[in-house]
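Trainee: Residue numbers (the working numbering), protein chains in the order written: chain F, 183 to 396; chain G, 2 to 502.
There is no bait here: all hints are sound.
Take a look, some chain G residues computed to stay more than 12 Å from chain F by CB distance:
#, residue
1, Leu140
2, Thr201
3, Asp479
Short, incomplete list of chain G residues facing chain F, as computed with Cβ under 10 Å:
#, residue
4, Thr359
5, Pro371
6, Glu395
Derived list of chain F stretches under chain G, where covered just means 3 residues or more per stretch with a C-beta under 8 Å from a C-beta of chain G:
#, region
7, 263–269
8, 317–328
The set of hints was computed from the structure by calculation and includes no laboratory data.
Every value quoted in this text rests on a predicted model; they were computed, and no experiment measured them.
For every residue, glycine included, the Cβ atom is placed at its ideal position computed from N, Cα and C.
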Amino acid sequence: MRVLVAEDSVLLREGVVRLLQEAGHEVVGQAGDADDLMRKARAHKPDLAIVDVRMPPTQTDEGLRAAKEIRSELPEIGVLVLSGYVEPTYAQELLAENAEGLGYLLKDRVADVDTFADAVQRVGTGGSALDPEVVSLLMGRAREDDPLEDLTPREREVLGLMAEGRSNGAIAEQLVVSERAVEKHVTSIFGKLGLTASGEDHRRVLAVLRFLEA
Amino acid sequence: MRLGALTPLQRALIAIALLGALLGIMVFVIAATSEVPAAPLLEAFLTLLVGWSFIGTGLFAWDRRPTNLIGQLMVCVGFAVFVAELTVSDIPLAAAVGFACNSLAVVFLIHLLIVFPSGRTRSRVDRFFIGYAYIAGGLIAGLPILFYNPATDPECTNCVTSNPLLIHDSLDFVNAWLNGLSAISIPVLIALFVHLVRRTRTADPAERRSQEPVWWAGGATVFLFAATLLTNLGPERGTYDDVVWYIANFVIATVPFAFLFGLLRTRLSEADLVAEENVRLDAELQARLDDLRESRARIVQAGDAARRKLERDLHDGAQQRLVGLALDLRLAREKLDQDPRAAAAMLDEASAELSRATDELRELARGIHPAVLSDRGLEAAVESLAQRAPLPVEIDASLEGRLPGPVESAAYFVVSEALTNVVRHSGADRAEVGIRRDNGRLQVEVRDDGSGGADPAGSGLRGLADRVAALDGRLRVDDPAGGGTIVTADIPLDEGNGAPA
Numbered sequence: 183m184r185v186l187v188a189e190d191s192v193l194l195r196e197g198v199v200r201l202l203q204e205a206g207h208e209v210v211g212q213a214g215d216a217d218d219l220m221r222k223a224r225a226h227k228p229d230l231a232i233v234d235v236r237m238p239p240t241q242t243d244e245g246l247r248a249a250k251e252i253r254s255e256l257p258e259i260g261v262l263v264l265s266g267y268v269e270p271t272y273a274q275e276l277l278a279e280n281a282e283g284l285g286y287l288l289k290d291r292v293a294d295v296d297t298f299a300d301a302v303q304r305v306g307t308g309g310s311a312l313d314p315e316v317v318s319l320l321m322g323r324a325r326e327d328d329p330l331e332d333l334t335p336r337e338r339e340v341l342g343l344m345a346e347g348r349s350n351g352a353i354a355e356q357l358v359v360s361e362r363a364v365e366k367h368v369t370s371i372f373g374k375l376g377l378t379a380s381g382e383d384h385r386r387v388l389a390v391l392r393f394l395e396a
Numbered sequence: 002m003r004l005g006a007l008t009p010l011q012r013a014l015i016a017i018a019l020l021g022a023l024l025g026i027m028v029f030v031i032a033a034t035s036e037v038p039a040a041p042l043l044e045a046f047l048t049l050l051v052g053w054s055f056i057g058t059g060l061f062a063w064d065r066r067p068t069n070l071i072g073q074l075m076v077c078v079g080f081a082v083f084v085a086e087l088t089v090s091d092i093p094l095a096a097a098v099g100f101a102c103n104s105l106a107v108v109f110l111i112h113l114l115i116v117f118p119s120g121r122t123r124s125r126v127d128r129f130f131i132g133y134a135y136i137a138g139g140l141i142a143g144l145p146i147l148f149y150n151p152a153t154d155p156e157c158t159n160c161v162t163s164n165p166l167l168i169h170d171s172l173d174f175v176n177a178w179l180n181g182l183s184a185i186s187i188p189v190l191i192a193l194f195v196h197l198v199r200r201t202r203t204a205d206p207a208e209r210r211s212q213e214p215v216w217w218a219g220g221a222t223v224f225l226f227a228a229t230l231l232t233n234l235g236p237e238r239g240t241y242d243d244v245v246w247y248i249a250n251f252v253i254a255t256v257p258f259a260f261l262f263g264l265l266r267t268r269l270s271e272a273d274l275v276a277e278e279n280v281r282l283d284a285e286l287q288a289r290l291d292d293l294r295e296s297r298a299r300i301v302q303a304g305d306a307a308r309r310k311l312e313r314d315l316h317d318g319a320q321q322r323l324v325g326l327a328l329d330l331r332l333a334r335e336k337l338d339q340d341p342r343a344a345a346a347m348l349d350e351a352s353a354e355l356s357r358a359t360d361e362l363r364e365l366a367r368g369i370h371p372a373v374l375s376d377r378g379l380e381a382a383v384e385s386l387a388q389r390a391p392l393p394v395e396i397d398a399s400l401e402g403r404l405p406g407p408v409e410s411a412a413y414f415v416v417s418e419a420l421t422n423v424v425r426h427s428g429a430d431r432a433e434v435g436i437r438r439d440n441g442r443l444q445v446e447v448r449d450d451g452s453g454g455a456d457p458a459g460s461g462l463r464g465l466a467d468r469v470a471a472l473d474g475r476l477r478v479d480d481p482a483g484g485g486t487i488v489t490a491d492i493p494l495d496e497g498n499g500a501p502a
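Turn these sequences into a full structure, and let the hints steer you where they fit.
Mentor: Set out below in structure tokens:
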């Protein structure tokens, strides 16, 4: 997979690049700020851009804005946004229309090599990756008449993994159950929450998130 | 917090009011429980009425016209009335003090009458009468107590049997002294009366109008003084005392209201108005300055405390974890050759510990200043707070665009602290946050359905109040009747707070 890395901290950028190379990906460019990122994205048309939210010159959210720009201008590029902190607001902004080829992860996840590699793979191939922390914030929000109370603990686990953007196969592997069992859980969850099931994982992510945000 | 709105003068006036209330009740109890037969309850009650009337109206006048002596004189009359009532006490010392100060109320009244409504004397004649009143009523009328022994006074059947202030027993001297005083004072009082009448007749219509209600008071005062001299102190003591006293007291109780009415009706001269306004503004300014100084000191202290807490959190948290990690890594390195499996387990543990350290650091950074607030503004930041709150929080926000940074921060921390309090203390099931812009001001409200009783003086809310006050805003904490607590911040969105001009 051809990857572009935009991260202003050299230490972290080189770490990410090394991780990607060890996982067999090709790093086609490195950028230190949002303008650089846009230029290289247009030039290299990578499969995936990994983008830090905070970058020079303002150190606020230019990475996030660049990510949105890439998604509207170059929709074929997957975008994996890395952030030093999680805010469901940012996830909502990024996912507003479409979760296809989009990831939003806490920077710390980079250290969890397998999870990170898995997210890179998913987002680079049109899937989604949402940080477990965002998902747990969304699911953990205190509600009156919480509809999630109707779910069994196992169903909640499955719902969380769905929201992270995992496929049924990946969920089955993680929970050490058969894929068939996961499908049954998914059907039951959608029934209890009144959601319409959808084939593709990234559409499923969107449906679940919309439900959780409501 | 609300007390901070009072000027130092107003605080002093409140203290005087409390003192007056207390003294009145004390004197009433002394009079009502006195075993001296000449102390009927009705008289004690009348005294209370008169004293409180003067003190109350006097304080009101004092507050309204702080530069004018009138209010202070009225308060003095009230207190003097209470002291004079001590004459009926069966406690010898109290009774003696009462006798010694018996005429003070009348003295203050005469002073009041002469300087009304400006509070200033206008001529040497004015000053003469005032001087005479203080010397004759305050000093000379009080002196005979030193020579009066009730035990040897055959006419004193209704009073205590001893006088602790007695230095020499001479009833004849006392009678002669008081008779002499009366003989001089009555003509002086008549002269005063004439003086006042003449002054009024030559006054301009506006001034005359302001004096009208006071004539009523003046007449009553002169009547009372004459009655005091003739009945209480004179040789015919006891004959008409009761009737004269009751009538006089009823009349006197109306006097302070007449004064107050006259004073408030008085149109102040331009210069007086400016002076009054200046005094008022000065007092307000001083009060504000005091508040400001206090709140600045608290803000500095709060800043120090926050830094200390931060230092502790970093030191006890992340730093300890990192030191531990360094040790773990060193141990894992040593195990690497002999026991690679154990080394791997230790490395796993180390990376888990590392991730806990970063979680902690992230939370710490968030507490200092949430990035979402500067990146996305108040609504998003409050939404994020609500998401993390352990109870349902409903947000009703209608802001368009961003607010000035300092306002956003203050409002955010109001919501954050208020929600923390809700979770910690109120036992509430849910909370509501309202944020709206109204008339160039930002209004933030956090409401819960808990048990109420939030302490506005608690350090968290106090700090918030300072923070809001620094932006010229106000923080209120209410416990409405229906239960729960409402914390409201009202912050102006003006240039001083970083809003565009």
